[in-house]
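*Asks:* Now for the letters of each chain:
Number of protein chains: 2
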Amino acid sequence: MEVITLDYGSGGKKTSALIEEMIVPMLDNDALRALGDGAVLSGAEKLAFSTDSFVVSPYFFPGGNIGKLSVCGTVNDVAMCGAEPKYLSLAFIIEEGFPMEDLKKIVSSVAETAKNAGVSIVTGDTKVVEKGKADGIYINTAGIGFMRHNGLSPDTIKPGDTVIISGTAGDHGAAVMLARNTDLVQGELLSDCAPLNRLASALYGLGPDLRVLRDPTRGGVATTLCEFTEGRKFSIELREKDIPVSEGVAAACDILGLDPLYCANEGKLLAVVAPESAEKALEALRSLPEGQNAAVIGTVTENHPGKLVMRTAFGGSRILTKLAGDQLPRIC
Amino acid sequence: MEVITLDYGSGGKKTSALIEEMIVPMLDNDALRALGDGAVLSGAEKLAFSTDSFVVSPYFFPGGNIGKLSVCGTVNDVAMCGAEPKYLSLAFIIEEGFPMEDLKKIVSSVAETAKNAGVSIVTGDTKVVEKGKADGIYINTAGIGFMRHNGLSPDTIKPGDTVIISGTAGDHGAAVMLARNTDLVQGELLSDCAPLNRLASALYGLGPDLRVLRDPTRGGVATTLCEFTEGRKFSIELREKDIPVSEGVAAACDILGLDPLYCANEGKLLAVVAPESAEKALEALRSLPEGQNAAVIGTVTENHPGKLVMRTAFGGSRILTKLAGDQLPRIC
Chain X
1 MEVITLDYGS GGKKTSALIE EMIVPMLDND ALRALGDGAV LSGAEKLAFS
51 TDSFVVSPYF FPGGNIGKLS VCGTVNDVAM CGAEPKYLSL AFIIEEGFPM
101 EDLKKIVSSV AETAKNAGVS IVTGDTKVVE KGKADGIYIN TAGIGFMRHN
151 GLSPDTIKPG DTVIISGTAG DHGAAVMLAR NTDLVQGELL SDCAPLNRLA
201 SALYGLGPDL RVLRDPTRGG VATTLCEFTE GRKFSIELRE KDIPVSEGVA
251 AACDILGLDP LYCANEGKLL AVVAPESAEK ALEALRSLPE GQNAAVIGTV
301 TENHPGKLVM RTAFGGSRIL TKLAGDQLPR IC
Chain C
333 MEVITLDYGS GGKKTSALIE EMIVPMLDND ALRALGDGAV LSGAEKLAFS
383 TDSFVVSPYF FPGGNIGKLS VCGTVNDVAM CGAEPKYLSL AFIIEEGFPM
433 EDLKKIVSSV AETAKNAGVS IVTGDTKVVE KGKADGIYIN TAGIGFMRHN
483 GLSPDTIKPG DTVIISGTAG DHGAAVMLAR NTDLVQGELL SDCAPLNRLA
533 SALYGLGPDL RVLRDPTRGG VATTLCEFTE GRKFSIELRE KDIPVSEGVA
583 AACDILGLDP LYCANEGKLL AVVAPESAEK ALEALRSLPE GQNAAVIGTV
633 TENHPGKLVM RTAFGGSRIL TKLAGDQLPR IC
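As they're listed, the protein sequences go chains X and C.
Sequential numbering of the first sequence, starting at 1, is according to our numbering.
Sequential numbering of the second sequence, starting at 333, is according to our numbering.
Same shape as in the complex, but just chain X (with noise of 0.2 Å):
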């Protein structure tokens, strides 16, 4: 079996063979081609950035693996920034004896994906560890975008407004836990992963009725509207029973002992809207099929100033947190 050995990583050769063989064809561009040091782009007058590190175990998970991901992952965090996503860097630190098939498999994810979210991967890097000093592979991206929609902020949030979710619930959480835990039936429970552009997208239309865009990975639903809230006059009530989660995930979350709104989403985003907008915002969602479960989960409210309040199921009410420890390691 082909593996990566620590030369790959050295900067000569075959650090050169591995780039100019393999990576750069599968992921063609005309940046990306030019090999420098660094891509030059065309520009805009206002940008997005962001960075996120993968370092997800398993890395090949049911409904994705670790280079769909990352992919997904900083396009998601451009979108929420009310920004198109243009450029991606991509870089790859992976432990010596790492298959050299699955190279291929996960930098042909980062490719499609990209290629499905209308990015490009214009520059990147490869290291090697010795054995023992990584896990497989970790993944670092970075991502550029255009703004179409200024002034996204939980800050701009008013009582009254809708919250709004495009999906079910804890999805990539309960799926990589589940395969964690291969004695387990796995079903067909499937990581949500999923650029979010194009939902993000469907809602800058709505100005500044669009309040703010959040895709909520570690710590799930509750951790980022607790972001929201905190520190700020308002409170948000979610109601329960209003809570998309598929039937797969309620079971695996009731077998691993996981509470779904705390279990990460990868192709999920929250959105807060002004009430009059949030029918519109529903539809805009629900015309793409990534956001055909789209649902209204709650309101803004004055009743608990910084608070996230729970209506539950039975008509009882409990305050929600942050995420405290680590329920969920290595989830992204």
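Bear in mind the hints are in silico, worked out from the structure with no lab data behind them.
Backbone N, C-alpha and C fix where the C-beta goes; we use that ideal spot for every residue, glycine too.
Careful: at least some of the hints might be erroneous.
Unchecked claim - Simulated crosslink set (BS3-like; lysine-lysine; CA at most 25 Å straight-line): (1) K345(C) to K465(C); (2) K104(X) to K13(X); (3) K131(X) to K463(C); (4) K307(X) to K345(C).
As the list claims (entries may be wrong) - To give a feel for the contact side, a few chain X residues facing chain C, derived at Cβ under 10 Å: (5) N150; (6) R218; (7) G306.
Take the given structure of chain X and dock chain C to it, following the hints.
*Replies:* Same frame as chain X, now just chain C:
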């Protein structure tokens, strides 16, 4: 001793505390304080974009540390594209058990180096992996610059051009290798790790007489110059006696069995310039403290197309090739 535990990477309360109470205040700037999914920035018509991951071992070395290196590496790649570096992203992968005190020193170096280089760290990410799944700390930076000099490329090199280095060769590689061999006396050998954007900027004024800029990192001066000549119709002839190498580096390379021309540099640039501008380029470099040892080291000729040729101190000549294997693993 306070150490990084897995829950610092959870995306929950501890992650927020680490980022908001330690990292963000040290790197103080408005974009980062907004703590969004990404930064919203003013742009430009043409951009340079580059990324590198840093896995250097040891992460503290004479003359720098992984934090300083992470800023310099990307600032330099952007500057070599002909751009003024403006914004950096900063992403940590930290091994569980990493000393908090070391992280503080590293972030502090990042902040100081970014300030010296005139760039802002505007977005970031922190992941924590289990003990044994990394080697202390890995850092990725990506950088955006605004283009100031278009068309830098080895394709513009012409026979008769002059090859200049901004200072002594091999300092970073030799210093790090010596630091790994702690049984050897380390003397005063320091990495040259430094931002190169002021030197690069001093050369942009040469216009088209400046053909190409490159920082000879992994693989050293020889590998970088081979990348210039490879597959092209000219050769580069280096004059061994003209290549500045410090006494300390020469001695260390003797002991370690290394060649300074293949040792990484992290604060030196190679410039190819038209012969009529060579004197002006040297003056511009030498007018800055980081360029005081700048020297003409070679000439572009048509004698051995595609080759890098060394005229030795003894009057002979030999062909230099790209670094083949991994002479210096994890040097950056």
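*Asks:* Are there hints from earlier that the structure breaks, and if so, what are their numbers?
*Replies:* Of the numbered hints, just 7 does not hold.
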